Structures are given as C-alpha cells and as structure tokens.
Amino acid sequence: MRYRLPAGGRIDRSKPLSFHFDGKKYSGFAGDTLASALIANGAHLVGRSFKYHRPRGIMSAGADEPNALVGVGSEEARYTPNLRATQIELYNGLVAESQNRWPSLSLDFSGANDLFSRFLPAGFYYKTFMWPASAWKKLYEPMIRRAAGLGRAPEAADADRYTQVYGHCDVLVVGAGPAGLAAALAAARSGVKVFVCDEQDQMGGSLLSEREATIDGQGAADWLAQTIRELKSRTNVVLLRRTTAFGWYPHNFLGLCERVTDHLGLAITKQPRERMWQVRAREVVLATGAIERPLVFPDNDRPGIMMAEAARTYLNRYGVLPGSRAVVFTACDSAYRAALELKSAGVEIAAIADVRSAPNGRWMERARAAGIDVRPSTVIAGTYGRLRISHADLARISGGTMGHPETFACDLLLMSAGFTPSVHLFSQSRGKLVYDEDLKAYLPGTSVERERSVGACRGVFDLGASLADGFAGGLSAAKALGGTAAAEHKFSVFAQSLGRDGFIGAPPSGGKSRRTRAWVDFQNDVTAKDIELATREGFRSIEHVKRYTTTGMATDQGKTSNMNALGIVSQTLALPASQVGLTTFRPPYTPTTFGAFAGQSRGELFDPVRKTSIHEWARENGAVFEDVSLWKRAHYFPRPGEDMHAAVRRECKATRESVGIFDATTLGKIEVVGKDAAEFMNRMYTNAWTKLEPGRLRYGVMLREDGFVMDDGVVGRMSPDRFHVTTTTGGAARVLALMEDYLQTEWSDLDVWLTSTTEQWAVIAVQGPNARKVLEPLVHGIDISQQAMPHMSVQEGHICGVPTRLFRVSFTGELGFEVNVPMGYGRGVWEAIYAAGREFGITPYGTETMHVLRAEKGYIIVGQETDGTVTPDDVGLAWAIGKAKKDFVGKRSLARPAMSRSDRKQLVGLLTVDPNIVLEEGAQVVADPSEPVPMTMIGHVTSSYWSVALDRSIALALVQGGRARIGSRLSVPIPSGPVTVEVVQPIFYDPEGKRLDG
Amino acid sequence: MVEATIVRVNSLAAVSRDSASSPQVSLAVLPDAAKLVFRGRPSSIGAAGEAFGVELPQTANRFREAAGRKAYWLGPDEWLLEAIGVDSSELFSTMSEKLASHSCSLVDVSHRSDSMAIRGPMSEYVLNHGCPLDLSERAFPVGMCTRTILGKSPIVLSRTEQEVFHLDVWRSFSPYVWSFLDEARQEFLHDQSARSPT
Numbered sequence: 001m002r003y004r005l006p007a008g009g010r011i012d013r014s015k016p017l018s019f020h021f022d023g024k025k026y027s028g029f030a031g032d033t034l035a036s037a038l039i040a041n042g043a044h045l046v047g048r049s050f051k052y053h054r055p056r057g058i059m060s061a062g063a064d065e066p067n068a069l070v071g072v073g074s075e076e077a078r079y080t081p082n083l084r085a086t087q088i089e090l091y092n093g094l095v096a097e098s099q100n101r102w103p104s105l106s107l108d109f110s111g112a113n114d115l116f117s118r119f120l121p122a123g124f125y126y127k128t129f130m131w132p133a134s135a136w137k138k139l140y141e142p143m144i145r146r147a148a149g150l151g152r153a154p155e156a157a158d159a160d161r162y163t164q165v166y167g168h169c170d171v172l173v174v175g176a177g178p179a180g181l182a183a184a185l186a187a188a189r190s191g192v193k194v195f196v197c198d199e200q201d202q203m204g205g206s207l208l209s210e211r212e213a214t215i216d217g218q219g220a221a222d223w224l225a226q227t228i229r230e231l232k233s234r235t236n237v238v239l240l241r242r243t244t245a246f247g248w249y250p251h252n253f254l255g256l257c258e259r260v261t262d263h264l265g266l267a268i269t270k271q272p273r274e275r276m277w278q279v280r281a282r283e284v285v286l287a288t289g290a291i292e293r294p295l296v297f298p299d300n301d302r303p304g305i306m307m308a309e310a311a312r313t314y315l316n317r318y319g320v321l322p323g324s325r326a327v328v329f330t331a332c333d334s335a336y337r338a339a340l341e342l343k344s345a346g347v348e349i350a351a352i353a354d355v356r357s358a359p360n361g362r363w364m365e366r367a368r369a370a371g372i373d374v375r376p377s378t379v380i381a382g383t384y385g386r387l388r389i390s391h392a393d394l395a396r397i398s399g400g401t402m403g404h405p406e407t408f409a410c411d412l413l414l415m416s417a418g419f420t421p422s423v424h425l426f427s428q429s430r431g432k433l434v435y436d437e438d439l440k441a442y443l444p445g446t447s448v449e450r451e452r453s454v455g456a457c458r459g460v461f462d463l464g465a466s467l468a469d470g471f472a473g474g475l476s477a478a479k480a481l482g483g484t485a486a487a488e489h490k491f492s493v494f495a496q497s498l499g500r501d502g503f504i505g506a507p508p509s510g511g512k513s514r515r516t517r518a519w520v521d522f523q524n525d526v527t528a529k530d531i532e533l534a535t536r537e538g539f540r541s542i543e544h545v546k547r548y549t550t551t552g553m554a555t556d557q558g559k560t561s562n563m564n565a566l567g568i569v570s571q572t573l574a575l576p577a578s579q580v581g582l583t584t585f586r587p588p589y590t591p592t593t594f595g596a597f598a599g600q601s602r603g604e605l606f607d608p609v610r611k612t613s614i615h616e617w618a619r620e621n622g623a624v625f626e627d628v629s630l631w632k633r634a635h636y637f638p639r640p641g642e643d644m645h646a647a648v649r650r651e652c653k654a655t656r657e658s659v660g661i662f663d664a665t666t667l668g669k670i671e672v673v674g675k676d677a678a679e680f681m682n683r684m685y686t687n688a689w690t691k692l693e694p695g696r697l698r699y700g701v702m703l704r705e706d707g708f709v710m711d712d713g714v715v716g717r718m719s720p721d722r723f724h725v726t727t728t729t730g731g732a733a734r735v736l737a738l739m740e741d742y743l744q745t746e747w748s749d750l751d752v753w754l755t756s757t758t759e760q761w762a763v764i765a766v767q768g769p770n771a772r773k774v775l776e777p778l779v780h781g782i783d784i785s786q787q788a789m790p791h792m793s794v795q796e797g798h799i800c801g802v803p804t805r806l807f808r809v810s811f812t813g814e815l816g817f818e819v820n821v822p823m824g825y826g827r828g829v830w831e832a833i834y835a836a837g838r839e840f841g842i843t844p845y846g847t848e849t850m851h852v853l854r855a856e857k858g859y860i861i862v863g864q865e866t867d868g869t870v871t872p873d874d875v876g877l878a879w880a881i882g883k884a885k886k887d888f889v890g891k892r893s894l895a896r897p898a899m900s901r902s903d904r905k906q907l908v909g910l911l912t913v914d915p916n917i918v919l920e921e922g923a924q925v926v927a928d929p930s931e932p933v934p935m936t937m938i939g940h941v942t943s944s945y946w947s948v949a950l951d952r953s954i955a956l957a958l959v960q961g962g963r964a965r966i967g968s969r970l971s972v973p974i975p976s977g978p979v980t981v982e983v984v985q986p987i988f989y990d991p992e993g994k995r996l997d998g
Numbered sequence: 001m002v003e004a005t006i007v008r009v010n011s012l013a014a015v016s017r018d019s020a021s022s023p024q025v026s027l028a029v030l031p032d033a034a035k036l037v038f039r040g041r042p043s044s045i046g047a048a049g050e051a052f053g054v055e056l057p058q059t060a061n062r063f064r065e066a067a068g069r070k071a072y073w074l075g076p077d078e079w080l081l082e083a084i085g086v087d088s089s090e091l092f093s094t095m096s097e098k099l100a101s102h103s104c105s106l107v108d109v110s111h112r113s114d115s116m117a118i119r120g121p122m123s124e125y126v127l128n129h130g131c132p133l134d135l136s137e138r139a140f141p142v143g144m145c146t147r148t149i150l151g152k153s154p155i156v157l158s159r160t161e162q163e164v165f166h167l168d169v170w171r172s173f174s175p176y177v178w179s180f181l182d183e184a185r186q187e188f189l190h191d192q193s194a195r196s197p198t
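Line by line, the protein sequences give chains A and B. Under the working numbering, the first sequence has 321 at position 321, and the numbering climbs by one with no breaks. Under the working numbering, the second sequence has 86 at position 86, and the numbering climbs by one with no breaks.
Where hints are given, some of them may not hold.
[As the list claims (entries may be wrong)] Simulated restraints on C-beta separations:
no., chain 1, residue 1, chain 2, residue 2, range
1, A, ARG547, B, HIS190, 34 to 40 Å
2, A, ALA895, B, THR59, 46 to 52 Å
3, B, LEU30, A, GLU831, 22 to 28 Å
4, B, PRO31, A, GLY882, 16 to 22 Å
No lab work stands behind these hints, which were simulated from the structure alone. Please read these numbers as outputs of a predicted model, since none were measured by experiment. Here a beta-carbon is modelled for each residue, glycine too, at the ideal position from N, C-alpha and C.
I would like the entire structure built from these sequences, with the hints used as guidance.
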C-alpha cells in the first residue's frame, strides 16, 4: 500500500484484509472501500468506458461514481455486476473484476472504438445502421450490444436470502450527514418515533472527512460520535446504516434497501443479504446532501482525474494519497481546501487553475500563503497519459481567447465545478423544483407530500447553517405531528465558509478541433460535442437531448452530468438555464437488486399454492397436477406406462361404464342467506329462482352488466331463505365481490347476506352408472333412491358419520352425485367412498377426463367456450333466461339489437370427416380454405378431444351463424393443411339424457 | 351406516410438524374450533350476542372474549364467532333457533380456516414481513382484530397479548402463511442475539 499514510483516517489498521482485483492480490484495511484500497495500492485504472472503451479511473468516493463499476463475487451464485467500487466495503477475500474489456483491462481490443469515435456520434445508431433493414436485427443490434455495455448478468440462481419488511415511523430522516443528524436529534428529543437511514457504512456524511471544523466546542469526529451515541441510546430511534432510500411512492411511502451482509463477505448467519424496507412515514426530512460537479474540459476522463472532494475523502477518511503531484481545476473555493489538505499530507500541488477571473477570500489567501501557484481565469486545455494522467495543459483565458498552453506534469488532476443538491427523492415525491440563478442549481420548491428538505440538498452548504437548518427541520417535523417539539438548540460552529460559487456547462477550452472531446456523461460516454450536435440537429427540449445523446441515461442517472448537459444546452441555444428545464428523476436513486424486489417471493413462497384436503391422496396415487388459478388440481391419474391420452381414455371409459370419482373441491361456493335471498338471486342470475323448491338444484348463469356470460354454476336451495351457490374455480372471488358490491351499493334494502364457503366444503363427485350403489351404504338419513332423490336435487344428512350436503348432479351426463362434506373430513370421506367403490372398479379421474366427458355432452366451460363476448343464447343457454323476470344484471344489454343478430358466433359441434384427426383448440374455422391468406375467419374451435365413448374425435366451436350451418361442411386450416369438418348439434353423446338416471 | 371414524385433519398438520421453538418468535397451531359467520341488521346484533354468549363488539376492529368464546368484528354487519371445544352443528342449531325471528344470516364456516399463533418479542417484526399494517401497540393494541394480508394471502389477524398474535387463515392458504412466517423468522432461529432493527 504505497499510497497509504502511516496514520490517520477512519480505517482499522489492526485489521488488515486481502482481496483480489482482476486476479491480482492486494491488501487493505477494515473500513476501506474497494476504491480506497485500490488507490492505496496505486491502482487508479479500474474500468473501460461504455462506448469507446476508454481507460477509466476512480472519479468520486460515493454513489455518484460513473466510472469505477466492477463485478464482485467469487462464485457465480453470488456474483453482482456493475457495483460502484466507491461503495463496496472491503472484506477479507473479496474478489472483484473490471468490466467491458477484452482480453484485459490495460489491453482492450475494443479500445479501437475510440479511434472511430467520429463515426459514432450521438444518435449514430439511428443514422449509420439503417440499411439494409434486415441487418439490424441479425447484425447491427447484436454487434452494438456486444461492443457497448457494462457487466455481465450472473448465470447461476442467487444463493442469498432477501427479505422485505414494512416499517412505520413518525419521522423518517433520509441521510445522516450533519443536517440529517441534527434533524434526527431534534425529532428524537421531541419523543416521536424516528427512523434515520444512510447509504454509507458509517453515519456522518461530510463529517467523516472533516479535519478542521468544530461543533459545540468539539472536533467534528467527536461531535459525530457523541451524537450517534445519543441517538442510539434513545428507544424511539432506529438507525439504519448501509440503507439507501431509493424510491418515493405516494403518501410518504419510501423504499429503502438495507445491505445487511455484503460487507461480511460470507453468509455467517441466516440474515438476509439485503432487506427491503417499505416505510410509511408520517413526516419525512430529506437530508440527502449534494454531489460535486465535474468540469467539462478536453480529455477530462483519464484515470487520475478525480473530484476534489473525493480526493479529500480518500485522504482524510481512508488515509490514502490519491497521487503525488496534483493539478487542480476549479470554479469554487472547496477545491482550495482539498488542495491545502493534500499539500499538508505531502502531495505536491503543481497549480490551481481557477475558471473565475478574480478568486478571492480566505481559501485563496491560504493557498497562496502555502506557496501554491494559483492561476485565475485559467482552464485546462488538454491532458495526456494513456492509462493514467501524466500531464495537463493550462491556458489563460482573456477576452474570450485562450492563451498559449503551459504543460504541467502530474499524476492527479482534481476538479470541482461546485455542488449539485441531490433533489432526486424530492423530485420523485412530485415536489416542484425551482432554479436558483445564484447557485446555478435546482432546489426544492413547493412540497406535495409531508416532507421538508434540509442542508445541502436545498443549497445550505456551510456546516453551521446546515446543522441549524437540519435541527429546525427536525423540530418542524415533530411539530407537524401535533406533539410538543424539543427545545431549540443553537450550534456553535467553527468552520471556514466555502462560499456558493459554481459553474455549469463547459468552460471555454479553445479546443474546437474535431479530435477534442470533453466528457459530460462519463458512464454513457457523452461529450460536450454530442450535446452541441443534438442542439444543431434541432433538439431543444432537454428531455429530447437526453434521449438523443443518452446523457443522464446511464445507471447513475446523470448524478454528475445532468447540470453540465443543461448548461451546455443553455450556452449553445443562448437560453437561460431555467428555461432549458431538467429531466425527470425516477426511482431507484441507485441501482437496486432484483433480489431485494423479489424478497421472500421465490421458490415455494413465490405464490400460495392452494391444495384441497384430498390433494395428498391424489399425490400418493400418482396424480399429475395442473394449475387452475392458484389451485393445484389433479389433471389425470396415469398408471405405470400410461401417457396422458391413455390415462384419460381409461378414466373416461371407467366413468361411463361403471363409476369414477373426482375432486371438485375447488369450485367456488357462496352461502346466500336472508329472507330476500330468492329476490337477490333473481337479480344476480338470468334464471328464475322464486319457484325453485327447497331441496332442488338449478344450473345458474350470471352475466356482466354488458350482457355477456361471466360465470355459471349449480345452485341448491337449502331452505326458503338459504341458497348454496357454486361458481367456477377461478371466478369465486370475482363473483363474491360483484355480489357484495351490488348489495352494498344498489340493493342495501334487501335482507340478504353473503358468506364465502369455498373452503368450508370438500366436494367429491361420484359419477357413473354405479354411483348410487357406491354411496348407498355410506349415507345416513338420506334416501338416495331415484324416486326420493331425482336428478338436480339436494339433501342434508350424514355420510360416513360426518354431515353432508349431498347433491344429485351430473357434469358427465351419467348418474351422478356431488358429496359436500366439511373440508377437514374431505380425505377421510374420499377414502371411504373409494373403498366402497372398489368392487365396482371405482376410478379416480382428473380435470382432463372431466373436460372430455362434459364436452361429449356439450356442457360449456366458462372461460373456454366463453371469452367475455358471448351471450347466453350464443352458447345455447337461452333456456336459462327467466324471460318473465322484471330485471337481472345484464338484461337490458341483451335487448340491444347487436346481441340477437343471426350472424353472431354460436356454439356448434364439429366432427372431422376423418374421425382420427383431433383439431387444435383455438384453430380458426373458415368456409373456403382455398381463399388466399388471410382467409375470412368465421369462428374458432373452443374444445377438442378424443372421445372414447364415440371412438372418434369431437370438437366444440363458436361459428358465425353457426346454428344455421348445422349439416353443412366447413374447414379448419391447421399447419398440415385444411381439415374438413361437419357442423353438428353441440351434443355428441346420449342426446336424450337417458343416462342421467343410470 | 359406517362408523364415525373419520377424523378432522388440520391443514397445518404437515407443515408445522418440526417447527423449532424460539424465545424470540415461535409459531403454534391453535386448536380446531367451531366458527360461525354472523351477518345481519343492527336490530339482530344484540340477540346474536345473547345467543352466542358473548356480546358482539360494535367498535370497529375489536374482538371480545368470554368463557373460551370470541366474537371478532370484521365489518359493520359481519362478525366471526369462534368457540373452542364446541360442536359446530349444535351451536349452529341453537343459535339459528334463537335468531329465527331476526333479519340475519348465520353460516357454519368451522372448516373454512385453521388458526395459528405467533408469539415472542419479535412477532410484530416478523409479521411485518408480509403484513403492511403498523403493528405497534399504539396502532394495533391487544384486543384488536382485522382482515388484512400476509404476503399474498388474506388473513384475519388479532392481538391477544402484547407479544401474541393469532392468525385465522383459509385452509388452502394456511401452509403458505405458516411457511412465510417461518422463513421470515429464520434470522432469529440461528442467532439468539439477533435483534429487531426496530
């Protein structure tokens, strides 16, 4: 660590660490970032730029870093690309690699891009790769994507754990620099519940790099330690370090990402790698600070060119010298402070070039007194050095012309154009920004949410003012909550003011030659010329300039570039900066992992998997399951050696010939109870219910208000004021919500109430000619004979000793029962029925067989034969409409002429002329297959199966004017050619319904 | 008739089998109970309370408990009535008779849900991994109940003691809810010194 000072900084020298970067071993100390440790080892070159593959170094010391993006992780399952080296805490064994280079960082073949840079200006991909059009997809786009880019996505599944947790507090303070800490103190002392979050591993912000200032008679470090102690000691305060407030969502709801274990290197606990906090704060204090702006000058992107404050941070916080001989280029006073502190640590300051014509004040005087060569009205005209800066040209500007450049040798160039307040979160909260001409910055204006900004993020830069502003903000938040605020506190601060000077845009450089490039957006490789080109090509809105040049569109969202881009547009168009406008800030503030957004929702917890109480029996008996909404349903029960078709044929045959058993538990169920229950049913369903006797069932159809079929199901009248309603599996929640909506908003006069009973009842369908014989010995208190219990009736009693609602109903066309028992008894009753059915060869069947059997009978499935544009009449259910009823949901819509046109799509059966062809569901139906493509499509196949009972294929279809076409032939084009089909009645098996009675 | 040998199976039986206990946060399956949903006109609320044996709370989001029976306020016209160790059919019949002249609805939902408890100083924090509500005692005191969500599942949440919450969960969602909470409490199972950040 050649550049590590023997003492100083906040690192722990008793804890040396070793790490690898690009395969080379380095050492550092606990408390280092990857960036500070690399600089301590003299390594500034850490990456290649996005487009031109220019060698790039570490430019900043924080979240704003545009260049030093690295991939971290020794194993694929824990690899993360595009991390900012300035924010990676060092740990023992850390493995990092540079990105976007081949074969190596110092020798990158794609660096040739840089030589062709004048062919790759802003928007080049709109211009250069236009012809031939077909080459875009196959050649140009893959090529550009390969050449340009950042890190690679890991291939292995993420091995870490991520969690999400909701948090609630009275005051959330974002940022724990001096202003944030002062705000936290004020709020905490007021007794309200306070969350303080900060993205760094230590709280303190700028105080962590402070040397001279004193607060209330203490050095900054001591005041900081004492303040943290006080906050920690208060039970009403939660301090969240390593936690980035990345997004603001409506009503003071903020997303915070806490990096819990990354700095530990290995998962030693079951702590999550990251914890996503979703915080609802009654009041928010934004203390997000400010970001130092680079200066835009020719070749300002070489390794060794760094922000002045970053250099100061490396020196004071990490005890690292970022170079040995520095040139400083500045437009404000703070760089003088950096120069003085570096000089006192042994860095030679070759010169300070100051854009300002007459810099004055304490800082300038101190620099001169220290013997530093200060040059007003001076700019950097160019730099040299391939993998690290070696020289810089300084030139004096007078009267708008640039003098002869003077070359200075250096291995470090510090730049500062002043500070840009971080208004990202404020802007995300829809707060209005106001341009401050004096500061050349956008500042928070009118708030929309319950929040206030304090300190540097609203342009209050000096330490004393910032502390006072923070404390006042904390008090105002506490007062806004209606409580008693803590006592005022006057901070007594000694710190030399840094003034408010700054510069946006590009200082004059004289370098107008074609080859001179001055970077504005370092991460997306956008130069001042690109922006000038965009304005020449007619782009005036900053939003258009942004998209055309991609400035500000990199992963850093233009933290260092936006204001300079705006300044250049303003200079070029001769418009005031305030009229150029600012681009929109969007979450996340810094890139956030997918893991944090997924949280616990992965693997088995990705979604609830709903299982019936019979599920385990089905699993043990070899069922293959299918997903139906969140439910798992047994699809079929293959025996060894059977595929789905073989299993389904066997299941169909057994059910038609003897008896099958089927788990219908997932059907939605709603208990409708009250003296107006029948009236309510009349209004919700198309059918008439008044005359349905208790003990009888009826098939009900429900429409939406637009008259189209929404849901269907069998309904049992249990007593005059009680209906047992069933719905489709997927429609249960929707139907209940719609019913409740009508009751609460339209028909609150009806005495009727709804209760979901979907999960109260397990439903076991026993279907087939032997169904009665199977159930007879098991039931108690119910006469299930044909005379006592005809088709479509229901009785209450017991089965196998548990209560049941026994339905005589059939969705197969065979004699059938549906046994409803309380859910917890489901499996027990199922097993008892299965045992009793053994002598009849009872066969469990799944949803596929159920679908085939009902299709043979032409029974529709809502969502298969219907698609939200189908009326009851379209699917042959006109008989289910109570025509004498005054009203029901959808009735008026059915009266529209369009709903009764004869050319509407109607449900018909299709029989392929070749009985062995099974049509594809969804296939289109046409009248004339010789028509050129696109043919006139007159319908589509909704259901198609092989029917064992008929020993041929069958299909249902919706066809325009279908009923009038019965007896005619149509065609169904499929990939192998058109298939001729005969249009028939949509019922294929037992049209007289004789089998319903066994 | 076949002998009544069929036993009720709790939906949490399998998932809860080897649940590690922790002084900081533990999970437990609650006993099966008779559960009825009562809904009705205001005039019937008093009679329902009398019939059940617990006066129905009319303060929003509160439950009332007496002699092992609980009445949870779920909505302006809806209560969940819960009685442990009672035959639900009998409770349903007796209450139905007493409410016969009233304008209301009573439905047996004893098998619709199973219940679990989460207890320990970390239960609030663990619940907040899936429940977006403020569960501090200030906002969610003992005696409070509400329909809410836990992750992607609807639940009825109630606070019975300072560090004990009960969750009533529809059967098909209950293994998910249990597993979700069990996953969220992992950081406390393996590290007894772990503390809630709040």
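Lying within 46 to 52 Å: is that true of the beta-carbon distance ALA895/A to THR59/B? Because 48 Å falls inside the window, the suggested range holds.
Using the Cβ atoms, figure out if LEU30/B sits within 22 to 28 Å of GLU831/A. holds, 26 Å
Using the Cβ atoms, figure out if ARG547/A sits within 34 to 40 Å of HIS190/B. violated, 49 Å
Verify the CB-CB distance for PRO31/B and GLY882/A against the hinted window 16 to 22 Å. violated, 47 Å
Hint compliance for this structure: hints 1, 4 are not met, and every other hint is.
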